[in-house]
Amino acid sequence: MAKPAKAAASSAERALRIVENSSRVRLQDLRDNIGARTLGKQQSNVHNQHGHTIGQLQHAAKPPLGWIWGDFFRPWQRMFPGTKLFNADINIRREYTPLSLIELARLIDLGWVDQKKPIDIVALCATRKFKIEPHLRQCGFDLTPEGADAWKYPVDIEVQWASQRTIAAVESAGGRIRTAYYDPESLRAAIDAKTWFQSGRPVPRRLAPPPSLVSYYSDPVNRGYLADVAEIEHARQRLSMTMGTTLPETTFDAVKHPKQVFNGLPPGAIVSLKDRKVFMPTHPDVRDYYEEGLRADKQYP
Amino acid sequence: MLGRGGEVIRLLPSASSSTTAIASTRGIANIPRWERHIRFDPAEGRKRPCQDVLDRFKRLNNGMWIRPVPGWHKQRYQKDEKWQTTSMYYETSTKDECEMLDRLMTPYWLKRRHYPDDPYKTYHVRHDLRSPRVDEKGNLLRERRKVLLEDSVADKYFHDR
Chain A
1 MAKPAKAAAS
11 SAERALRIVE
21 NSSRVRLQDL
31 RDNIGARTLG
41 KQQSNVHNQH
51 GHTIGQLQHA
61 AKPPLGWIWG
71 DFFRPWQRMF
81 PGTKLFNADI
91 NIRREYTPLS
101 LIELARLIDL
111 GWVDQKKPID
121 IVALCATRKF
131 KIEPHLRQCG
141 FDLTPEGADA
151 WKYPVDIEVQ
161 WASQRTIAAV
171 ESAGGRIRTA
181 YYDPESLRAA
191 IDAKTWFQSG
201 RPVPRRLAPP
211 PSLVSYYSDP
221 VNRGYLADVA
231 EIEHARQRLS
241 MTMGTTLPET
251 TFDAVKHPKQ
261 VFNGLPPGAI
271 VSLKDRKVFM
281 PTHPDVRDYY
291 EEGLRADKQY
301 P
Chain B
1 MLGRGGEVIR
11 LLPSASSSTT
21 AIASTRGIAN
31 IPRWERHIRF
41 DPAEGRKRPC
51 QDVLDRFKRL
61 NNGMWIRPVP
71 GWHKQRYQKD
81 EKWQTTSMYY
91 ETSTKDECEM
101 LDRLMTPYWL
111 KRRHYPDDPY
121 KTYHVRHDLR
131 SPRVDEKGNL
141 LRERRKVLLE
151 DSVADKYFHD
161 R
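For the protein sequence lines, the chains are A and B, in the order given. full-length UniProt numbering numbers the first residue of the first sequence as 1 and each following residue consecutively. full-length UniProt numbering numbers the first residue of the second sequence as 1 and each following residue consecutively.
If you are wondering where the hints come from, they were derived from the structure by calculation, not from laboratory data. Any given hint could turn out to be false.
Said to hold, decoys possible - Computed list of lysine to any residue pairs in SDA-like fashion (alpha-carbon distance at most 25 angstroms, straight line):
id, chain 1, residue 1, chain 2, residue 2
1, B, Lys95, B, Val125
2, A, Lys256, A, Ala269
3, B, Lys74, A, Ala88
4, A, Lys84, B, Trp109
5, A, Lys131, B, Tyr115
6, A, Lys131, B, Ile66
7, B, Lys47, A, Lys274
8, A, Lys256, A, Asp149
9, A, Lys274, A, Thr195
10, B, Lys79, A, Thr83
11, A, Lys152, A, Thr242
12, B, Lys74, B, Phe40
13, B, Lys156, B, Tyr115
14, A, Lys298, A, Gln260
15, B, Lys95, B, Ile66
16, A, Lys129, B, Lys111
17, A, Lys152, B, Leu54
18, A, Lys84, B, His114
19, A, Lys84, B, Glu150
20, A, Lys131, A, Gln299
21, B, Lys47, B, Val125
22, A, Lys117, A, Thr246
23, B, Lys156, A, Asp149
24, B, Lys111, A, Ser199
25, B, Lys156, A, Pro154
26, A, Lys84, B, Leu54
27, B, Lys47, A, Ile90
28, A, Lys84, B, Asp155
29, B, Lys95, B, Asp128
30, B, Lys79, B, Lys95
31, B, Lys95, B, Asn61
32, A, Lys274, A, Pro154
33, A, Lys152, B, Asp155
34, B, Lys111, B, His127
35, A, Lys152, B, Val125
36, B, Lys95, A, Thr83
37, B, Lys95, A, Lys298
38, B, Lys111, B, Gly138
All figures in this text were calculated on a predicted structure; none of them were measured in a lab.
Throw the hints in and build the complete structure from the sequences for me.
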């Protein structure tokens, strides 16, 4: 047996010597010894009832959702026949935000909308009074005729849907109304122009209406933006005769081009709000893309 | 009556088929697994609407659910004249049933929707109701919120309450 080199003078010195001879402290050394702590066995929730037992009813199958009375395990709503007319085409139906003429008059009166300028979806959404969600197939505004009798503003307005009473009310007051289609992408730019410009994306080109809406937007009776100007004038005279109203002489600027989203901004322009500048594409391919003819929106029928 | 293959088919249900229809009640073991719990869509992360309800019912903008008459297309030839007309009507649901159907839906299906040329346009409005116009959060329940209009002005132009 090897004797220690020096006899320890004190217990403290002996402890110091042990620490000097031992290896460095590692994370492994700080762990508990095996068996130092024990965990209780985790019971399943069924058996962990503090001495109480569970009855058969709590384990039994519950009635399905919608059960009212009678056959305990048969939902009530399945007693009725299905109907395709109800919700079958909800995924292709187009929804329009209703805007009545009395509400529009209120917006003009309180200065939210300028009646001297053309009123379109950009001007209406800039009031932040409406919420349009293109991803839920909401396609714009439906101008409804509530307040048509009190309407007296000679405005130049462009909406996405309008009834004959609305059209008659707007035109007898000396205004001009057009119905125009905005595809979801242009709609996204139109309802929040500031965010669109700040994101650095170019102004999209508006697409032509899908096949199911071409007949509506090329019909002069609906004042569609694809209809012939002479035919619209003819339809305007016919409607005033039908409604018994007089048409005042009016002059308006040229309507927005079918490919344009914003008044005065051609498609393909990039707007810098900070520099207050508009940049146009110079590459011939990009320019051709934005200058080619109308393309139909084929996302939904 | 002639079937598709030209053979004579019976139009009256046989006794066995009617008994199977009655015996189709489900015991505890017969409940399909997809009905024993509220189903959640893992992609969407929330519950899925009950497709049975969407196939059979329609929710009007005022919160009323309508449904067709049960059996309206079954053996119409042997039912009387009164049935021929009244079975084509839609029936309304009671308040309790409407509340239950609302709970089977997701918020998407409880929203008011405006479609131009809606065939149900006149039925989206109910007049002279005593029940509250708003829910606990102050949202209008049966009518749409008018932009910048007070009730006194809106009542002159709108007839939706």
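Verification of the hints:
| no. | hint | in the structure |
| --- | --- | --- |
| 1 | B:Lys95 x B:Val125 | 16 angstroms, holds |
| 2 | A:Lys256 x A:Ala269 | 16 angstroms, holds |
| 3 | B:Lys74 x A:Ala88 | 21 angstroms, holds |
| 4 | A:Lys84 x B:Trp109 | 16 angstroms, holds |
| 5 | A:Lys131 x B:Tyr115 | 16 angstroms, holds |
| 6 | A:Lys131 x B:Ile66 | 28 angstroms, violated |
| 7 | B:Lys47 x A:Lys274 | 45 angstroms, violated |
| 8 | A:Lys256 x A:Asp149 | 28 angstroms, violated |
| 9 | A:Lys274 x A:Thr195 | 13 angstroms, holds |
| 10 | B:Lys79 x A:Thr83 | 21 angstroms, holds |
| 11 | A:Lys152 x A:Thr242 | 19 angstroms, holds |
| 12 | B:Lys74 x B:Phe40 | 35 angstroms, violated |
| 13 | B:Lys156 x B:Tyr115 | 23 angstroms, holds |
| 14 | A:Lys298 x A:Gln260 | 18 angstroms, holds |
| 15 | B:Lys95 x B:Ile66 | 12 angstroms, holds |
| 16 | A:Lys129 x B:Lys111 | 18 angstroms, holds |
| 17 | A:Lys152 x B:Leu54 | 44 angstroms, violated |
| 18 | A:Lys84 x B:His114 | 19 angstroms, holds |
| 19 | A:Lys84 x B:Glu150 | 39 angstroms, violated |
| 20 | A:Lys131 x A:Gln299 | 22 angstroms, holds |
| 21 | B:Lys47 x B:Val125 | 29 angstroms, violated |
| 22 | A:Lys117 x A:Thr246 | 24 angstroms, holds |
| 23 | B:Lys156 x A:Asp149 | 11 angstroms, holds |
| 24 | B:Lys111 x A:Ser199 | 31 angstroms, violated |
| 25 | B:Lys156 x A:Pro154 | 23 angstroms, holds |
| 26 | A:Lys84 x B:Leu54 | 10 angstroms, holds |
| 27 | B:Lys47 x A:Ile90 | 19 angstroms, holds |
| 28 | A:Lys84 x B:Asp155 | 35 angstroms, violated |
| 29 | B:Lys95 x B:Asp128 | 16 angstroms, holds |
| 30 | B:Lys79 x B:Lys95 | 30 angstroms, violated |
| 31 | B:Lys95 x B:Asn61 | 15 angstroms, holds |
| 32 | A:Lys274 x A:Pro154 | 35 angstroms, violated |
| 33 | A:Lys152 x B:Asp155 | 20 angstroms, holds |
| 34 | B:Lys111 x B:His127 | 20 angstroms, holds |
| 35 | A:Lys152 x B:Val125 | 28 angstroms, violated |
| 36 | B:Lys95 x A:Thr83 | 22 angstroms, holds |
| 37 | B:Lys95 x A:Lys298 | 42 angstroms, violated |
| 38 | B:Lys111 x B:Gly138 | 15 angstroms, holds |
Taken one by one, the earlier hints fail for this structure at numbers 6, 7, 8, 12, 17, 19, 21, 24, 28, 30, 32, 35, 37, listed in ascending order.
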